[in-house]
Amino acid sequence: MVTEAIQHLAAFSGLAFAAVLLLIQALAKEVGYLFGRRLALRNENPGEGVSVVVGGMLGLLAFVLALTLSFSSARFQERREGTLAETNAIGTAWLQAQAIGHARGAEIARLLEDYAVTRRDFVRAGRDDAWLDTATQRTNALQGEIWGHVAAIVRERPDPVAASLMNALNTTFDLSTAERFAFATLFPPQLFWLLLGMTVISMSALGFQLGLRQKPLRTLCFLLLCMWTATMTIILDLGAARVGSIRVSAQPYDWMIEGFRGGVTIPPLPRN
Numbered sequence: 010m011v012t013e014a015i016q017h018l019a020a021f022s023g024l025a026f027a028a029v030l031l032l033i034q035a036l037a038k039e040v041g042y043l044f045g046r047r048l049a050l051r052n053e054n055p056g057e058g059v060s061v062v063v064g065g066m067l068g069l070l071a072f073v074l075a076l077t078l079s080f081s082s083a084r085f086q087e088r089r090e091g092t093l094a095e096t097n098a099i100g101t102a103w104l105q106a107q108a109i110g111h112a113r114g115a116e117i118a119r120l121l122e123d124y125a126v127t128r129r130d131f132v133r134a135g136r137d138d139a140w141l142d143t144a145t146q147r148t149n150a151l152q153g154e155i156w157g158h159v160a161a162i163v164r165e166r167p168d169p170v171a172a173s174l175m176n177a178l179n180t181t182f183d184l185s186t187a188e189r190f191a192f193a194t195l196f197p198p199q200l201f202w203l204l205l206g207m208t209v210i211s212m213s214a215l216g217f218q219l220g221l222r223q224k225p226l227r228t229l230c231f232l233l234l235c236m237w238t239a240t241m242t243i244i245l246d247l248g249a250a251r252v253g254s255i256r257v258s259a260q261p262y263d264w265m266i267e268g269f270r271g272g273v274t275i276p277p278l279p280r281n
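So in this note's numbering, the last spot in the sequence shown is 281, and the numbers never skip.
Some clues are possibly wrong.
Said to hold, decoys possible - The list that follows gives simulated cross-link-like pairs (lysine to any residue, SDA-like), each with its CA atoms no further than 25 Å apart: (1) 224 / 235; (2) 224 / 43; (3) 224 / 31; (4) 224 / 203; (5) 224 / 60; (6) 224 / 61; (7) 224 / 40; (8) 224 / 70; (9) 224 / 104.
For the record, the hints were derived by calculation from the structure and aren't laboratory data.
Sequences and hints are given; from them, build the entire structure.
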């Protein structure tokens, strides 16, 4: 329930999500400061070991942030590379369908043009489940129709050219499955709660240390919290496929679709 609410908030506005994170950290820091200041006023000083513990917490938090940033960046790169690979595969299959010299090959090329538009819409889609279901169903329908045509070609003329077209289409369909899996892989909620929990505890400990010294340093702490918040927001933005402002571009599909418009022109034989 809470995880879904956070996802809806992040989908609604990345700035609102960052503001909530900043507010949570600021409250944790202030609560820790009040406890530390109360102990200081009672002359109950836990000793210099507090700074060592707080330093260790902040260091561990920085390490976890680096790990999660690496994880999110890898997921983003996987989606990006998958999009480019699928685009190249569709273009290769289209060229082979145009060159096979068969009526069904021309029909396969036409269907691949519709297929490219469908895959582009899949990449551009947000968190609209109905839109994603429609794109997925359209993808499956086109794959079945295209495969029916190539199966008929292979049965009619089982030569290396037909086999090459079949392999190109098989690679295209496999890459669509890989791309769908990459977009379905979300940032693990357990990792998010671990990161948020460690951040709250670390900020509380930092506030507690400052409270013992009765030095709030609110301006510097605010800058630190802004840095943590910006880093966490970017990590979650990179890890989410369809939420946030950092999205995989569908421009390679646009380039490919523009290339389809030129068609394939067979030039005359050169004169000797």
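To see whether the hints hold, each was checked on the structure:
1. Restraint check for residue 224 and residue 235: the C-alpha separation of about 19 Å stays at or below 25 Å, so the hint holds.
2. Distance restraint check for residue 224 and residue 43: the Cα-Cα separation of roughly 11 Å lies within the 25 Å cut-off, and the hinted pair is therefore satisfied.
3. Of the supplied pair hints, the one linking residue 224 and residue 31 holds, its CA atoms being roughly 21 Å apart against a limit of 25 Å.
4. Between the alpha carbons of residue 224 and residue 203 the distance comes to roughly 29 Å, so the proposed pair goes past 25 Å and is violated.
5. Of the supplied pair hints, the one linking residue 224 and residue 60 holds, its CA atoms being roughly 14 Å apart against a limit of 25 Å.
6. Annotation: proposed proximity of residue 224 to residue 61 holds, straight-line Cα distance about 18 Å (limit 25 Å).
7. Of the supplied pair hints, the one linking residue 224 and residue 40 holds, its CA atoms being roughly 14 Å apart against a limit of 25 Å.
8. A hinted pair counts as satisfied when its Cα atoms are at most 25 Å apart, and residue 224 with residue 70 qualifies at roughly 23 Å.
9. Proposed proximity of residue 224 and residue 104 is contradicted: the alpha carbons are some 70 Å apart, above 25 Å.
The structure fails to meet hints 4, 9 from the earlier list, while all remaining hints are met.
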